[in-house]
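K.L.:
In case you want the letters, here they are:
Number of protein chains: 2
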Amino acid sequence: MNVFIIGVGLIGGSLALDIQKEFDNAIIYGIDRNEDHIEEALTLGIINEKATNEDLAIADIVIVSIPVDVSLQVIPEVLNHISETCLVLDVGSTKELVCEGISNHPKRRNFLATHPIAGTEFSGPQAALTGLYRGKTNIICEVEKTAFKLQEKALEIFSKIGMRIRYMDPKSHDKHIAYVSHLSHISSFMLGKTVIEKEKNERDIFDMAGSGFASTVRLAKSSPAMWTPIFEQNKSNVIETLNEYIQNLQNFKTLLEENNFSEIYSEMENTNHIKQILSGIQEVKLS
Amino acid sequence: MNVFIIGVGLIGGSLALDIQKEFDNAIIYGIDRNEDHIEEALTLGIINEKATNEDLAIADIVIVSIPVDVSLQVIPEVLNHISETCLVLDVGSTKELVCEGISNHPKRRNFLATHPIAGTEFSGPQAALTGLYRGKTNIICEVEKTAFKLQEKALEIFSKIGMRIRYMDPKSHDKHIAYVSHLSHISSFMLGKTVIEKEKNERDIFDMAGSGFASTVRLAKSSPAMWTPIFEQNKSNVIETLNEYIQNLQNFKTLLEENNFSEIYSEMENTNHIKQILSGIQEVKLS
Numbered sequence: 287m288n289v290f291i292i293g294v295g296l297i298g299g300s301l302a303l304d305i306q307k308e309f310d311n312a313i314i315y316g317i318d319r320n321e322d323h324i325e326e327a328l329t330l331g332i333i334n335e336k337a338t339n340e341d342l343a344i345a346d347i348v349i350v351s352i353p354v355d356v357s358l359q360v361i362p363e364v365l366n367h368i369s370e371t372c373l374v375l376d377v378g379s380t381k382e383l384v385c386e387g388i389s390n391h392p393k394r395r396n397f398l399a400t401h402p403i404a405g406t407e408f409s410g411p412q413a414a415l416t417g418l419y420r421g422k423t424n425i426i427c428e429v430e431k432t433a434f435k436l437q438e439k440a441l442e443i444f445s446k447i448g449m450r451i452r453y454m455d456p457k458s459h460d461k462h463i464a465y466v467s468h469l470s471h472i473s474s475f476m477l478g479k480t481v482i483e484k485e486k487n488e489r490d491i492f493d494m495a496g497s498g499f500a501s502t503v504r505l506a507k508s509s510p511a512m513w514t515p516i517f518e519q520n521k522s523n524v525i526e527t528l529n530e531y532i533q534n535l536q537n538f539k540t541l542l543e544e545n546n547f548s549e550i551y552s553e554m555e556n557t558n559h560i561k562q563i564l565s566g567i568q569e570v571k572l573s
Numbered sequence: 287m288n289v290f291i292i293g294v295g296l297i298g299g300s301l302a303l304d305i306q307k308e309f310d311n312a313i314i315y316g317i318d319r320n321e322d323h324i325e326e327a328l329t330l331g332i333i334n335e336k337a338t339n340e341d342l343a344i345a346d347i348v349i350v351s352i353p354v355d356v357s358l359q360v361i362p363e364v365l366n367h368i369s370e371t372c373l374v375l376d377v378g379s380t381k382e383l384v385c386e387g388i389s390n391h392p393k394r395r396n397f398l399a400t401h402p403i404a405g406t407e408f409s410g411p412q413a414a415l416t417g418l419y420r421g422k423t424n425i426i427c428e429v430e431k432t433a434f435k436l437q438e439k440a441l442e443i444f445s446k447i448g449m450r451i452r453y454m455d456p457k458s459h460d461k462h463i464a465y466v467s468h469l470s471h472i473s474s475f476m477l478g479k480t481v482i483e484k485e486k487n488e489r490d491i492f493d494m495a496g497s498g499f500a501s502t503v504r505l506a507k508s509s510p511a512m513w514t515p516i517f518e519q520n521k522s523n524v525i526e527t528l529n530e531y532i533q534n535l536q537n538f539k540t541l542l543e544e545n546n547f548s549e550i551y552s553e554m555e556n557t558n559h560i561k562q563i564l565s566g567i568q569e570v571k572l573s
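In order, the protein sequence lines correspond to chains A and B.
For the first sequence, the working numbering begins at 287 and goes up steadily by one.
For the second sequence, the working numbering begins at 287 and goes up steadily by one.
I should point out that these hints are in silico values taken from the structure, not numbers from a laboratory.
All of these numbers come straight from a predicted model, not from anything done at the bench.
Please note that the accuracy of each hint is not assured.
The list cannot tell twin chains apart, which means a pair is met if one copy fits it or any two copies do.
Straight-line C-alpha distance at most 27 Å; calculated BS3-like pairs for lysine-lysine [to be verified]:
no., residue 1, residue 2
1, Lys-561, Lys-422
2, Lys-439, Lys-486
3, Lys-484, Lys-539
4, Lys-521, Lys-486
5, Lys-486, Lys-539
6, Lys-457, Lys-435
Build out the structure end to end from the sequences listed, making use of the hints.
P.N.:
Here it is, written out as structure tokens:
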């Protein structure tokens, strides 16, 4: 089974490691614009061979795991190169534009739009982890537009690496993921920015920061190259979440200014309910 | 050594466990308004005996680990009951009001204001952990106002349980802790609120939430009884941090609206610098 990974970073590299582990006959080919990443991926055993688009004709599976803006250009090119029986997966954090982009491609039925909800704040081949996807959710969009045999192939892989599947239309995916993922990244980046700006001349202050601060700003370590195009592609949903978040923060500030501490208590008590909601989601430990 | 813990929850209970481990001769007495907590603490071996304020005359050390509004009333009463050689510590998240409140007490020199920067989002005796304080920072305020022998006693305990000490005046403590701790809690509570409000009728959506969301809203599980009085006592500093945080979020939203993605990239890249700042702070894993 010839598996091509386009973009051998955290997400693609971790998929490569799991596929190697679960499929004895898998040969992993890596394609990446970054030569250093290809060399690292070879050294780390993430990929077996370096490849180019010209080699895609022999691919059984192609996984496109690159920033979502580059995906929009790369996926149609990949579809142009593959055989009739090859499955092409993308794994990006936005789904509407990518599905739109290939909707009229003659090889649309070779493509499956997926979003494995897994990752860490790190990036590059060295961030790749075996077992990253076990117990995690994978959102699949427009499944009915993919050839049935290729759906089966994809499900076999996801099942073997331990993922549970949810089906969703791309528009709903992008709307909801803005709340449960994209907003968290912005809240974390802006928290980091606020504290760094204030305390930049007083580095000792960070000795006062505990595990709570570390947890809340963890996502502010994420890659700007990956996240800028996500925010761009999901702009209107992200702006909606930001409006609501800012409004809630302003209300909280007004309650403070008005000394309405019973209401502040209630706000926190009502939100404690997140405990039940989160049970089952495992946090990734800081390394 | 008779050690009295007033408030046998996460913070006081964890101190009790570590003191038992490090001092063979320690007998731990528990005082708590919540009868269930006292019973749990006895069952869990956190305390050896249940006690009342009347027993404080035999105390060598008293640790006051209760919500910061209750502390303001309880600490002067405790000082009224203790012997001349007893050390009283508080461990609250705000330091200015507590220091002001006992500044003229005849037993001021028996008191030491501390803030061990440690904890989890859980509360109560069952949340108490052995080793919680190892490698963490303890901020001590107005150390010069405590009798030298009692400073020594406190430092011996903190050193044995593995804490590093930083000295700071109460005003600076409250200002900086608003940035590196109190603001994180509000950003997390309001993130939780925003997502719960939006998705309350669509519980499946939380299947889409990954470890990033879990990490960013972890603090929204914190106790309102503990945090409401902290925000009240540190109101003006907290409002200042909220103003700056909201401003940064609004700027980010404006950049999105204006399609200024190169600046969005820079904002994130500049904040990535938090990686270096955070190295050394260990995140507490979700249980």
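K.L.:
With reference to the structure, classify each hint as holding or not holding.
P.N.:
These are the hints, each one checked on the structure:
no.: 1; hint: Lys-561 to Lys-422; result: both (18 Å within a copy, 26 Å between copies)
no.: 2; hint: Lys-439 to Lys-486; result: neither (52 Å within a copy, 35 Å between copies)
no.: 3; hint: Lys-484 to Lys-539; result: both (19 Å within a copy, 21 Å between copies)
no.: 4; hint: Lys-521 to Lys-486; result: between (30 Å within a copy, 23 Å between copies)
no.: 5; hint: Lys-486 to Lys-539; result: both (25 Å within a copy, 24 Å between copies)
no.: 6; hint: Lys-457 to Lys-435; result: within (25 Å within a copy, 67 Å between copies)
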